[in-house]
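*Asks:* Line by line, the protein sequences are chains L and R.
Mapping to our numbering: the first sequence position 16 is 16, numbers consecutive.
Mapping to our numbering: the second sequence position 56 is 56, numbers consecutive.
Please note that the accuracy of each hint is not assured.
Claimed, not checked - The calculated PhoX-like cross-link candidates involving lysine-lysine, where the alpha carbons are at most 20 Å apart (straight line), are: (1) L:K228 <-> L:K87; (2) L:K87 <-> R:K215; (3) L:K143 <-> L:K229; (4) L:K229 <-> R:K215; (5) R:K219 <-> L:K228; (6) R:K22 <-> R:K117; (7) L:K228 <-> R:K117; (8) L:K87 <-> L:K229.
Since the hints were derived computationally from the structure, they do not count as laboratory data.
The lines below spell out each chain.
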Amino acid sequence: MDFLGQHAPELLPGNRPLPAVQGVIEAPHGTTIVAASFPGGVVLAGDRRATMGNVIAQRDIEKVFPADEYSAVGIAGTAGLAVEMVKLFQLELEHFEKVEGAQLSLEGKANRLSTMIRSNLGMAMQGLAVVPLFAGYDLDREKGRIFSYDVTGGRSEEHGFAATGSGSVFARSALKKLFREDFTEHQAATAVVQALYDAADDDSATGGPDMARRIYPIVTVITEEGFKKLTEAEVSEIARAVHERRLEQPDGPRAALL
Amino acid sequence: MSTPFYVSPQQAMADRAEYARKGIARGRSVVVLQYTDGVLFVAENPSRALHKVSEIYDRIAFAAVGKYNEFENLRIGGVRYADLRGYTYDREDVTARGLANVYAQTLGTIFSSAAEKPYEVELIVAEVGNAPEDDQIYRLPHDGSIVDEHGSVAVGGNADQISSYLDQRHRDGMTLAEALRLAVDSLSRDTNGGERTLTAEHLEVAVLDRTRPQKRKFKRILGRQLSRLLDGHAAGEQEKGQPGEGAGESSGTGSTGGNGKGAGKGGAAGKNGSGASAADADEPESGAADD
């Protein structure tokens, strides 16, 4: 943001002097975020665990945020930096909308996020990386779109589904087998919960649905009507259904061999 | 060696005030009313792109009359002030009172500085609270004073007449449709006592609605929703009138806001370069914001 840069540069993440320490700093990390599109929108979901080394730092962290009315961002990486980046990103989209009287295009939002990640490169080199996943409903093309990033700010549009974070390898593989083009909203939400379950199964830094404490993944849906976060009751219903089936089949639904 | 003419400070200020007042009086009016669920803004404005009413922050909105480029500068300054405050501290910490103070400082400085011409604008800053008693409406005339208003307020060309009309008829706990009807009635009265018909095309309507579930309470009332609200009002007086569009066309012959348009066009030129020029022009203002 130009104005902030001139007026209060110390508030911008890129303009901070880098800490002189060598080696990895122990700070809470966020973990697996998955997204899947369906005709008419896109779902973005994240698990609830934050880890610090081998310690679970927080069980109920929220890693998926609305960026504005028609987009959301899920964060993986150093939690403190990521949350701040999202806050600045939200501010910027809102500011643009108010000043110009029109929303940024979805591409514009994705590009802006890319620049913000790049400005964090110095920190990323010291082990404090932030790698978000951005999903939104494109009002011009009338479909949900997903953008993934790397630490250098490289942006790539994903078609169908995507995942980021330490459990992303497992989540992506699970989604690859489960994903279908003709998902309904509810099916897409179920698929991402399945993927998060698989990620939690194989990655220690990703938390599965915690039935005892009633901590379930955050699932958000973006459609033509805008951003919507599924209520705890809705997510718990999906998570319980998934959990129920896993009691019989621990590895989840089987895909056809051929 | 020539001595400059002596002009007494009283005379200089009176001249400047008159200059600003005349500029403001040329434009169309804006009215702001409290209703049961929030604050209603109604402006007579044929342009869809150049707004007289706009959002500043979650619970705060801004309405202005006068020269478009001048109040657009102030609006952008206000959005910047509010967003910076909200980012630095918390969204709760952005208040209409703080914003009104910043505007008052800016307008006051410009008004009394001999180097600049006074701004020909009059602003309203309103904030919606959790209950009607917590709503705040501030009127900021061109000279940088602040007036704390309650119930209803009008600014612009015909403000005195419209305000007295509103004061007599406005009461607490009006519904949105009632408040809108009153606002439109007050705006459609001419200076010479005649009546004009204002239709949805000539109106810019927005609300700060405390019942909205989102954090941002500002909402424009556009198109079909506006015609429906206006129609409900027409149906009350006459019989069930024609649907919105027909009514709109038939009365389109009335005076099509010549003045408003002129001001709008001047503003459009300003807006093209808004990125750079607004930033420059805002420097003194952001300075004030820091104090």
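*Asks:* Quickly compare the C-alpha distance for K228 of chain L and K87 of chain L to 20 Å and report which way the hint goes.
*Replies:* holds, 18 Å
*Asks:* Does K117 of chain R lie within 20 Å of K228 of chain L when you go C-alpha to C-alpha?
*Replies:* violated, 49 Å
*Asks:* Are K87 of chain L and K215 of chain R close enough, with their CA atoms no more than 20 Å apart?
*Replies:* holds, 15 Å
*Asks:* Are the Cα positions of K143 of chain L and K229 of chain L separated by 20 Å at most?
*Replies:* Distance of about 18 Å is within 20 Å: holds.
*Asks:* Has the given pair, K22 of chain R with K117 of chain R, been kept, meaning a C-alpha gap of at most 20 Å?
*Replies:* Holds. K22 of chain R to K117 of chain R sits at ~13 Å (cutoff 20 Å).
*Asks:* Mind checking the alpha carbons of K219 of chain R and K228 of chain L for me, to see if they're no more than 20 Å apart?
*Replies:* holds, 19 Å
*Asks:* When you check the alpha-carbon spacing of K87 of chain L and K229 of chain L, does it fall within 20 Å?
*Replies:* holds, 18 Å
*Asks:* Take a quick look at whether K229 of chain L and K215 of chain R sit within 20 Å of each other, Cα to Cα.
*Replies:* holds, 15 Å
In the structure shown, a violation is registered for the earlier hint numbered 7 alone.
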